[in-house]
Amino acid sequence: MTKSCLERKLPVEAWRYAEHLAMEERGHHLKIFDINHKKPPTLAQITLRLTDIKDNPSDCVKIVDWIADGIKAENDQWVLNVASYLVFC
Amino acid sequence: MRAHLWKQVKDFLNSATIFLPTLEEVDLKPFEEEVIDTPAEEAVEPEDPVDISLEEDFNCEEDDENGDPSVLPEMIVLPLPSNIISRELRPSLESLISVERELRKGQANDALEGLRVGLANKSLLLLTNVNKSTSTKQSTRAWASVRNAQSQILCHAHCYQRARQALKYVGTPEDLAVYHKLKEKDLVTVKDITMAKRFGQGSDTLAWFWRIGPSQDTLTGKWMEECKPTLIILVGYI
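First to last, the sequence lines map onto chains B and Y.
Residue numbering for the first sequence follows this note's numbering, beginning at 1 and increasing consecutively.
Residue numbering for the second sequence follows this note's numbering, beginning at 1001 and increasing consecutively.
Extracted from the complex, chain B is given alone in its bound form (with noise of 0.2 Å):
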């Protein structure tokens, strides 16, 4: 170990213990080499966010149904918009 982990009072001994019990017992103790890696949220999960009825209103929850399907038939919109193009030009 260097001088500065030293300094630092890192939990080292802590992450060797946890490092031995995912070597002996597996299982969900492997997480701890899981790269702590947060992706951005998708717009699945956000709209699984706010259409929970324990946290928002049904009001709001009507709304964010309708303008998700407004985004997905926009896309809709431009796909077709593409293959009319594909197929005419």
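Hints may be right or wrong, so weigh each one.
Computed spacing ranges between beta-carbons, pair by pair [to be verified]:
1. Y/1092 - B/33: 43 to 53 Å
2. Y/1211 - B/54: 52 to 62 Å
3. B/85 - Y/1017: 27 to 37 Å
4. B/28 - Y/1175: 51 to 61 Å
5. Y/1016 - B/14: 31 to 41 Å
6. Y/1201 - B/25: 15 to 25 Å
7. B/15 - Y/1211: 42 to 52 Å
8. B/57 - Y/1045: 46 to 56 Å
9. Y/1135 - B/28: 43 to 53 Å
10. Y/1183 - B/25: 42 to 52 Å
11. Y/1180 - B/42: 16 to 26 Å
12. Y/1210 - B/4: 41 to 51 Å
Note that these hints are calculated values from the structure, not bench results.
Cβ atoms here follow ideal geometry from the backbone N, Cα and C, with glycine treated the same way.
Once you have looked at the hints, place chain Y on chain B.
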């Protein structure tokens, strides 16, 4: 395809009467599409037209009693909050705007993820299938895969542009600081895959969307902490 879109648009317009006040044609502004293409040096011929049965489309359109055959569903401007330009109506649309803002951010995230996957896929196809093809048959197939990957890239690029365009109206300046404008030079293949060990690699940088992620605070804080146990474990093994 068109009949399905008709139904989608019709349902959306019907529901709009519940959430929106009566709109005039001047209150709506269609999306200004910015054409984006892959850089000329990396362009491949567009993919063959998709298999679309127009006959079926037109028949379905005629069957639709409520659909107006003179108006194509893909040409209708949908009354989404980002398309409404009327200043008078804007205060009454606050709740709708906040919802659209969140959803557009999700759409942009999806599009950027698709863009990253598409570019990496195209790069790999060029490196493996195209470079290693030994016959005309293999080469034709390899280039077909590349064209397909490029179509996917352009599709995601359009989707991102649409989301960003909407965020200009319904988002905040902070959103636009995260979601930058997409340029043609950003749609290049990953040179670290296709041309590894090339001259000038050290000073080459990837497009901004490859680096998009958690804020700087998160990066310098908890993220770096994680490097420490990994390093210690690795050193222990060595």
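These are the hints, each one checked on the structure:
1. Checked against the given bound of 43 to 53 Å, the beta carbons of residue 1092 of chain Y and residue 33 of chain B, roughly 52 Å apart, stay inside it.
2. Take residue 1211 of chain Y and residue 54 of chain B: their Cβ atoms lie about 35 Å apart, and the range 52 to 62 Å is violated.
3. Residue 85 of chain B and residue 1017 of chain Y have their C-beta atoms about 32 Å apart, which keeps the hinted 27 to 37 Å range intact.
4. A beta carbon spacing of about 36 Å between residue 28 of chain B and residue 1175 of chain Y contradicts the range 51 to 61 Å that was offered as a hint.
5. Distance hint check for residue 1016 of chain Y and residue 14 of chain B: the Cβ-Cβ separation is about 56 Å, which falls outside the suggested range of 31 to 41 Å.
6. A hinted range of 15 to 25 Å is violated for the C-beta pair residue 1201 of chain Y and residue 25 of chain B, which are about 42 Å apart.
7. Between residue 15 of chain B and residue 1211 of chain Y the C-beta distance comes to about 28 Å, which lies outside the given range of 42 to 52 Å.
8. A hinted range of 46 to 56 Å holds for the C-beta pair residue 57 of chain B and residue 1045 of chain Y, which are about 52 Å apart.
9. A hinted range of 43 to 53 Å holds for the C-beta pair residue 1135 of chain Y and residue 28 of chain B, which are about 49 Å apart.
10. For the pair residue 1183 of chain Y and residue 25 of chain B, the supplied restraint of 42 to 52 Å holds, since their beta-carbon distance comes to about 49 Å.
11. In this structure the supplied range 16 to 26 Å holds for residue 1180 of chain Y paired with residue 42 of chain B, their Cβ-Cβ distance being about 19 Å.
12. In this structure the hint that residue 1210 of chain Y and residue 4 of chain B lie 41 to 51 Å apart at CB is violated, the actual value being about 30 Å.
Taken one by one, the earlier hints fail for this structure at numbers 2, 4, 5, 6, 7 and 12, listed in ascending order.
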